[in-house]
Amino acid sequence: MWVQAEVFLQTLVSGLLLGGLYALIGIGMTLILGVMKIINLTHGQLMMVAMYLAFWLFTLFGIDPYLSLLIVPPLMFAFGMGIQKFLVNPVLRVESILPHNQVILTVGIGMVLQNLATLFFTSDYRSIPVGYASTVWYLTDLWRDSPVELSFSLPWVVSFMLAVVITLMLWFFLAKTDTGKSIRATAQDRDAAMLMGVHVGWMRVITFGLGSALVAAAGCLFIPIYYLFPALGSQFTLIAFVITILGGLGSTIGAILGGLLLGVFESMTATYVGMGWAPAGRFVVFVAALVFLPGGVASLLKRRKLGK
Amino acid sequence: MLEIKNINVFYGDLQVLWDVSFQVEPGEIVALIGANGAGKSTTLRTISGLLRPKSGEVTLDGQPLHSLEPYDLITLGIAHVPEARRLFVEMTVEENLDMGSLRGPAKLKRKETKEMVFSLFPRLSERRRQQSGTLSGGEQQMLAIGRGLMGLPKVIMFDEPSLGLAPILVGEIFEIIKRIREEGKTVLIVEQNVRQTLAIADRAYVLETGKVTMAGKGRDMLNDEHVKAAYLGV
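Chains as they are written, first to last, in my numbering: chain X, 42 to 349; chain C, 4 to 237.
Hints listed in this document are in silico derivations from the structure and should not be mistaken for laboratory results.
Predicted model, so just to flag it, every value in this text is computed and none were measured.
Even glycine gets a Cβ: it sits at the ideal position worked out from N, Cα and C.
Certain hints may be false.
What the hints assert, rightly or not - Covered by chain C, according to a simulated footprint, are these stretches of chain X (three or more residues, beta-carbon under 8 angstroms):
no., stretch
1, 203 to 209
2, 213 to 227
Stated by the list, open to error - Mimicking DSSO-like on lysine-lysine, the simulated pairs with C-alpha atoms at most 27 angstroms apart in a straight line are:
no., chain 1, residue 1, chain 2, residue 2
3, X, K217, C, K112
4, X, K217, C, K114
5, C, K57, X, K217
Unchecked claim - Here are a few chain X residues that face chain C, going by a calculated C-beta distance under 10 angstroms:
no., residue
6, T176
7, G238
8, V241
9, G242
10, W243
11, V246
12, S292
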């Protein structure tokens, strides 16, 4: 009995730790979706680029990936702003038969990034040999009489905590600063925001930068616990997409809950169905969300708030 | 003060406004009346820069507005309370008011202006932390007006402020507009509620299929045979 509970709790813990990082990825995509009304299908590729940056910072200069959190996200912020300003904005102005040609543009950017990465860095799997990679804490170390034994991998816990801190910082920015409020206002009603004196074009650029910086931060947090290869981008674009659908398009809290949910679900699938089945579990969640909860987690929250 | 000179405005190839001209003097309440689709909202949207006139000009105290970016207009002292309120429904009452004072000197005076708005609309003060989408229709309109006032405008434009409100609230909104004028603001109002609008307006212009067809004092218009037949249903 205790053994089963132990397995379950351990799975839950791993799922939540993974989910925290997923949430960070999902928030970036959902922010861009909210303001631009487009799905950024190069989101995972941006994370891949960020991970290579962190990888080379470590390999060439010995900068710890957690320390590169101070370097890589700002660089990717600028990179994201550039994508919006020089690639997406010109496409926005084109009248075309395809209503969402910006989305197709993001797919193209993703392909270019992935192939450039393959060209320069080969498709080898890489990882960073950080000293603390296999450090583990045990619950019994902290609580001697605990009836169950759980293990916590140090880099997973640190990455999760940092993801929480970054999410809180983002929340503060969006809730308390004028720029943050302007971003939310642009997402809710573009014309009304313009009447309030919001420079909507600039908000788009900032938002794309912010979304890129967030996923870049997630990349820095992933690299001590994950391996890196160019095609990892498309895998994470899909994950971000599933989280965004699961959370309810454009909702930040939805993306957080969606990320946690997906993390737990994948972890459960891996434990109880089989290691290789986690991606399958991901798509079960995706289809189930589309069929049974089209508005995502956000629609549940909204229903409660309005008392319906 | 606010002068609109021969503007021609198009939606794509479709011309909506034809040589529309009128002006609003300091301290006046000026009304634009007309049927659905006559171009009233289009006129306001052109003044606030959401639409560009193909020709003609819009000036405020002699300064041309039609060449400015819409997000800079608010700093010149023009506020637009849009049709259907267009609140930021997922933000609180207070955040919506903050959004009204993003730019220029209004930002520095945000706290004082907010207290002024709350004293004008005590009900908003009680609900300052409530999400604006959950307010009643009347409260939402008050918030939209309050948000417009937050920018410390010289000219405030109202687009259908009484739309969808219960008759008792309609009266309240018109009282508030009168009070706003008494506090020294200039008002341009677009309304389908012609009788009540003409009662508070100093002057009015009639817009028909994108052209100004009549101009005159508010009270005179109330007694005009054409206006009576077309808009007052008498």
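### Query
Which hints, by number, does the structure contradict?
Hints 1, 5, 6 and 11 contradicted; others consistent.
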